[in-house]
Each structure stands twice: as structure tokens, then as C-alpha cells.
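Number of protein chains: 2
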Amino acid sequence: MNEIHPYVILVEPQLAENVGMAARAMMNCGLYHMRLVNPREYHLSDKAVAASSNAGEILEKAEVFGSTREALADLQLVMATTARHRDQVKPVYTADRAAEKLNQAGARGINCGILFGPERTGLHNDDVSLADAIINIPLNPRHCSLNLSQAVLLAGYEYYKTQISAPAEQLVTNHGTPAEKDKVLGFVDYLQNKLSDCGNYKIDGQREKLEINLRNIFTRAQITEQELNTLYGAVNYLSKGHSE
Amino acid sequence: MNEIHPYVILVEPQLAENVGMAARAMMNCGLYHMRLVNPREYHLSDKAVAASSNAGEILEKAEVFGSTREALADLQLVMATTARHRDQVKPVYTADRAAEKLNQAGARGINCGILFGPERTGLHNDDVSLADAIINIPLNPRHCSLNLSQAVLLAGYEYYKTQISAPAEQLVTNHGTPAEKDKVLGFVDYLQNKLSDCGNYKIDGQREKLEINLRNIFTRAQITEQELNTLYGAVNYLSKGHSE
Chain G
1 MNEIHPYVIL VEPQLAENVG MAARAMMNCG LYHMRLVNPR EYHLSDKAVA ASSNAGEILE
61 KAEVFGSTRE ALADLQLVMA TTARHRDQVK PVYTADRAAE KLNQAGARGI NCGILFGPER
121 TGLHNDDVSL ADAIINIPLN PRHCSLNLSQ AVLLAGYEYY KTQISAPAEQ LVTNHGTPAE
181 KDKVLGFVDY LQNKLSDCGN YKIDGQREKL EINLRNIFTR AQITEQELNT LYGAVNYLSK
241 GHSE
Chain B
1 MNEIHPYVIL VEPQLAENVG MAARAMMNCG LYHMRLVNPR EYHLSDKAVA ASSNAGEILE
61 KAEVFGSTRE ALADLQLVMA TTARHRDQVK PVYTADRAAE KLNQAGARGI NCGILFGPER
121 TGLHNDDVSL ADAIINIPLN PRHCSLNLSQ AVLLAGYEYY KTQISAPAEQ LVTNHGTPAE
181 KDKVLGFVDY LQNKLSDCGN YKIDGQREKL EINLRNIFTR AQITEQELNT LYGAVNYLSK
241 GHSE
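Those sequence lines, one after another, are chains G and B.
Residue 221 in the working numbering is what sits at position 221 of the first sequence, and the numbering runs on without skipping anything.
Residue 209 in the working numbering is what sits at position 209 of the second sequence, and the numbering runs on without skipping anything.
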């Protein structure tokens, strides 16, 4: 996890509410440094703070600049988010690749920034030309317009993913881990014996097939020991009904 | 690219505006099938349609159900989005892994759905228990609450990424591709000769070091042929100033 995270630079945001929502999205993604270039509305207005949810702290610490150039003067690597293709010679990274680059740069102590344009128009070509690279967020080309906070969220989300090592896949249990195979298969045996007792297993060929099916069902389900007890109870309850 | 995309199922959404914004996020991600379980407000209200931006079509085609169970009755693989850990035994996938699973299932013709809970509370435990798996969107644990449309956007974005094969990194140019090395290095030679002419290259040791630096600068920049012409022009203009 980097010590230095990218600055989020909003160029000429129009509505204070959108600045607040962008702050909320930043907080979601563990980004805390906001810079504003000529915001049209006051970024600490009640509207902005309300829209930020609990991210008022980011708004309070936000720095305001008179030009994009000043806002990125002390930064070393700047990427511009833009949906449209620009008539500029510039490397373009998908959001995930851009996040990798920002993460690697941050790990080397390089100060990075991500530029976001005004709500309606996106970044001016002049501002794009100040950036080292363009971030392209892959979206439905028929409908790729995002509001400001959503653009911040997607770029920030990709960056956040580089900062964590969440297991991509896990089993969450209330009590412990999946039961040992011996216990699961023991239950399947028990179930089959009970089924035999009920007279459902008259034909041997069928029994074999059912055995395989039952084993597959109960092994695939990654059952916990506690759940096995529940199943034993259910089987016992059911088999009593039949034996009476 | 799959023929069958996951259904987005909003359980008891409170505000029509949020349903509209969720539709917009779906459209961003190429998802067109919306299902609503007991929406509190009318999903085709003016507010909803306005919030959907140009995704009114999704709202018009949305299906409304009286229970979550009915809304997923004809689906074969359902994943529930939830930020909180649930006291349920269930596989948990990060959003990107979940997207892979949904993509693979869709490719096999399996009907999938993604469940989203009401704005304030998230999904009820009952609804989570109906799902095959839980989707966890990795976000700052200190501040992971998302609004509904943002949750739809992030889950949908990860799914959309599985549907495309965008190059992660490319150079976008206005005219053609990077110039051939011979031309770039030829320019560097030309520049050095001009610098020599100006008398800046008196010391041979320095010249060698500068040659390497200049080559690195201009090769790293992936200059196009058109840009080389611009640079030749600039060098010529500058050297004229000195020779006068």
C-alpha cells in the first residue's frame, strides 16, 4: 500500500453537489487529496457537504487553483480522464492499466494526479495536453457519458484495487470452515442407509447412480460441520415419519 | 461477447430517481434487462426518466415483481451485492471475479441476475439467502457505502470489461503511427550537428553524454513523422537565430 496516493483534480466543476459527490467517491476509494481548478460554486457550501456524505474532511482540505497548470505544477505524473478521442499524440491506458501505472509511480514516491473535466464538456484540449497520458474508462460506446462522481469512482476504484490484496474468491461461513470430507461422505452414507430403510432403493443400479449424485450435491455445497448436524436432524426427522 | 447479459434486479428501491440513475449506469455497461421488486415509487415517473439520461428504454422494458423470489424464478445463477459481511454460508467473489463467473455462465446460455438492495439498508438476509453467491465490491472499509446507481455501475463495469477486448495500453495519434527509428535518430543527429554549429559542444566528453540523453528523450516520446517535421522546423528556426 502506497504512502502517496494520486491527487484528484477537478477542472472547473460546475455544481457544488457534484464536487461533494466526487469527494464521497474519493473516500470510497481511499483517495484524500482533492484539488479544484476554478470551481463555479463554493465547494464548502451546505449542498456540497451534504452530498459528500461523510467525506466533508476531503472538501475542507481541498486546494483551489486558478488554472490547471498551477494545480499540477508540483506533480510528476498526471493522467487525464476523457471519454472522447482527442486529436493529440498521447499514450492511452484503460482505467485498470492506468491504476497500475499510478500505483507503481506512487510506490517510487512520485506525486501523481488524475484530471477530471467539467460535467458537460469534459476536459479542454489544452488541459489534456498538460497530462502525460489519457485514461480511458471502457464503457458502452453507445452510452459512455458518466457524471463527474461516477468517473471519479471508476478511476478511484481501479486504483483502490491496486492497493489491496483481497482474495478474489472465498467462502464466508458463520461457524468455521467446510467440514472434512470424511464427515460429509459419512452423512451421504447415512442418508442412503435411511433411504434404503424407507424402501426407496429397490433397484441396485439406481442406488449406485443416486449415490454418485448425492455425493456430488453435498460435496459441491462445501457444507460446514454445523450444517451437517442440521442435515442429520432433517433426515432423522423425515425417516421417523416414514417408519411410523 | 455474450448474447445473454445478466438481469439487474433492484429490490425495493426507494426513490424513482435512483432507479433512473441505475438504468443510466446499466446503459453505460451494456446491460439492458432491469427487474424491480416492489419499487416504492413509480419507475416511469418524470423524475426517473430524467435521471436515466438516455436510458428511458431500460425503464420502459423493466419488469416489476411482488417478491424477490418471483423476480429470480426463471434465473439460473444469481449473485447478491452486499457490503456487510453476512452470517450466511455463501461463496463471496470480488466484483471482477464475479464478473468472470457471470460472463462464463452467460457464454453457456445460463440466465444470470445481480441483486441490489434498497438504498438505506441493503439487501435483507432473506434475499441474500436466495442467491448463489455474494459479490463484494472492494472499497475503503472505513467508507464503503455506495449509492444504488454507483453499486450498479461498479458491478456492471466489471461485467462490461469481460465483454470487450480493449488494448490496455495504446498510443493514440492524430496522423499515423510512431516514426521509424531511423528517422527519429536521424533527427537527433541533425539536432546535434546544429548544436555543434552553435558552439555548445566544445567538450567531447559532454557531447557523448548529451547524445545519449537526446536519443533517450526522443525515442521514449514515440514521435510521429509529422511531429518530427515540427521539430525539424523548430531546430532550423532556432539555429538561424544563432547563426545570424
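Among the hints, a few may not be true.
One-sided excerpt, in silico: chain G residues whose CB lies under 10 Å from chain B [said to hold, decoys possible]: (1) Ala25; (2) Met27; (3) Cys29; (4) Asn54; (5) Glu70; (6) Val89.
Per the computed footprint, the stretches of chain G lying under chain B, defined by three or more beta-carbons under 8 Å from a beta-carbon of chain B, are [stated by the list, open to error]: (7) 90-99; (8) 143-152; (9) 155-165.
Distance windows between CB atoms, simulated [what the hints assert, rightly or not]: (10) G:Ile4 <-> B:Lys183: 24 to 30 Å; (11) G:Ile4 <-> B:Asn125: 21 to 27 Å; (12) B:Asp126 <-> G:Glu70: 51 to 57 Å; (13) B:Asp46 <-> G:Gly66: 37 to 43 Å; (14) G:Ile4 <-> B:Ala83: 23 to 29 Å; (15) B:Leu210 <-> G:Asn54: 51 to 57 Å; (16) B:Gly186 <-> G:Glu63: 20 to 26 Å; (17) B:Ile217 <-> G:Ile4: 47 to 53 Å; (18) B:Pro167 <-> G:Asn193: 57 to 63 Å.
In case anyone wonders, no lab produced these hints; they're calculated from the structure.
C-beta atoms are modelled at their ideal positions from N, C-alpha and C, and glycine is treated no differently.
Taking the hints in turn, this is what the structure says about them:
no.	hint	in the structure
1	Ala25	7 Å, holds
2	Met27	4 Å, holds
3	Cys29	6 Å, holds
4	Asn54	6 Å, holds
5	Glu70	25 Å, violated
6	Val89	5 Å, holds
7	90-99	holds (count 7)
8	143-152	holds (count 6)
9	155-165	holds (count 4)
10	G:Ile4 <-> B:Lys183: 24 to 30 Å	38 Å, violated
11	G:Ile4 <-> B:Asn125: 21 to 27 Å	40 Å, violated
12	B:Asp126 <-> G:Glu70: 51 to 57 Å	54 Å, holds
13	B:Asp46 <-> G:Gly66: 37 to 43 Å	40 Å, holds
14	G:Ile4 <-> B:Ala83: 23 to 29 Å	27 Å, holds
15	B:Leu210 <-> G:Asn54: 51 to 57 Å	54 Å, holds
16	B:Gly186 <-> G:Glu63: 20 to 26 Å	45 Å, violated
17	B:Ile217 <-> G:Ile4: 47 to 53 Å	26 Å, violated
18	B:Pro167 <-> G:Asn193: 57 to 63 Å	59 Å, holds
Of the hints listed earlier, those the structure fails to meet are numbers 5, 10, 11, 16, 17, in rising order.
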